[in-house]
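J.: If you want the building blocks of each chain, they are given just below.
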Amino acid sequence: MLTQMSVAEPVFEKDMTEISTKLRQLRRLRAGTELQPASLHLQSALQAAKCEPVGAAPEVSYIFIGIIIPTPN
Amino acid sequence: MYAASTFILKATSTCNLRCDYCYMFELADRSFEHQPPVMGSDVVDCTARAIAGYCAKFRQPKALIVFHGGEPTLAGQGWFRHAVKTFRSQMPPGCTTSFAMQTNGVLLDDAWVDLCAELGLSVSVSLDGPPSVHDSQRVNAAGAGSHHDAVAAIERIQRYAGMEHLFGGVLCVVNPNEDGRTIYRHFRSLGITNMDFLLPVEANWDHPPSGFASPTPFADYLISIFDAWWSENHPKVRIAYFDSLLRLLVGSRVHSDSLGGDPLTMIVVDCNGSIEPVDSLRSCGNGFTQLGLNTQHDPIERAFQHPTFQLALTGQEGLCQTCRECELRDVCGGGYLPSRFRQPNGFDNPSVYCTDLMKLIHHVAGACTHQLTGSSQ
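In order, the protein sequence lines correspond to chains A and B. Residue numbering for the first sequence follows our numbering, starting at 1042 and increasing by one per position. Residue numbering for the second sequence follows our numbering, starting at 2 and increasing by one per position.
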């Protein structure tokens, strides 16, 4: 029975190197690779990222205080 | 100066449901007891002027006015006509203004849907899943569930021809006692294509989640939804939380109070005109969001100087040491601000959902890289 979770459970520590690699792989995609993932959701995220100048103010505004904000894409 | 473009108006401080997780009425904050039940028309007028003045002064290209509560439809249709008309007349030229409402759907009959269409108001409905889930918490004062009414409201909106943007989607509070796939299938069976999921606001380090067999019950729930959504692979089915997560994973910036870590610049205006930061912070203590500012005599931008508002504005810079050193910092952004709270050190903590967030992010990143590289998750 869980009463209080500890932060960053050690079970995940071994995965941090792996996730670092994954994050780097994913972020390189933004730099212009033409890979077309099968997931249409990932395609959409990549497309949005490629259209967004690096450092630009975020356009998407999802907020979680009990509201769904319509988004442009 | 921070740029606010989302303005949440508390149309009412009352509700026709008694959901036990509601941060407005059921948690630490009791400020609703001192609010008028409905925002007065004079307060609407002052608020419209204040927001319009802010947008004009800082040349905001767009603004979103969100009607919230309590339950906003309790304000009545006349109130909404007045409010939207007032805002439309006040907002400066060059600032594209749109309107949205979050409702429990109980009162949303055909006349309401007609009015929302007429006013250009996007409607989102709170729905936690099938009746067995939804009606366990979203009940009226007599204890009766509201699933039937919520679904009827959704169907009325969906029937409205040619108005795709009329329906903003459904918002679902995560309930780890249920299987996420069941929730997702229920939504899809209703023809819902826009949905979002909210981790329970009531949990923080002073009140951590308890009673679950799994150490990561929230991740397990969200992962099962993610997998169902990912495998359906329907381009029109959107889950805001996962869309944000994917965008963050590929290096975009996303303005969210639950992911990312950019400053939160949304403004909340309570029924009496009180200017406040993101109102889920109400869960942290009675009167927590009270800044002592009011649209009737203060400019909106004054809120940004307030220490409480600064908590929401600090973004990544305000993360605790553990988060700053974390590889996932740019993705989770420390998670939902209220979920970091603990007495006495306030928000200088990781999220109480940290382990769940790590597991979820790891899973989603794995699903992405698997497609791109063929590597295993």
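These are computed hints drawn from the structure, not numbers from a lab. Mixed in with the good hints there might be a few duds.
Short derived list, chain B residues pointing at chain A, Cβ under 7 Å [to be verified]:
| no. | residue |
| --- | --- |
| 1 | GLY121 |
| 2 | SER225 |
| 3 | LEU247 |
Computed footprint of chain B on chain A, listed as stretches where at least three residues anywhere in the stretch have a Cβ under 8 Å from a Cβ of chain B [claimed, not checked]:
| no. | stretch |
| --- | --- |
| 4 | 1061-1067 |
| 5 | 1077-1091 |
Quantities reported herein were computed from a predicted structural model and do not represent experimental measurements. Glycine included, each C-beta is placed from N, C-alpha and C at the ideal position.
J.: Confirm or reject each hint.
T.: Hints and how they fare:
1. GLY121: Given a least distance of 11 Å, the restraint on GLY121 of chain B is violated.
2. SER225: This hint is violated: SER225 of chain B lies away from chain A, its Cβ roughly 16 Å from the closest one there, beyond 7 Å.
3. LEU247: holds, 4 Å
4. 1061-1067: That given contact holds, which follows from 5 residues of the stretch 1061-1067 of chain A lying within Cβ reach (below 8 Å) of chain B.
5. 1077-1091: Coverage by chain B holds for the stretch 1077-1091 of chain A (11 residues, Cβ < 8 Å).
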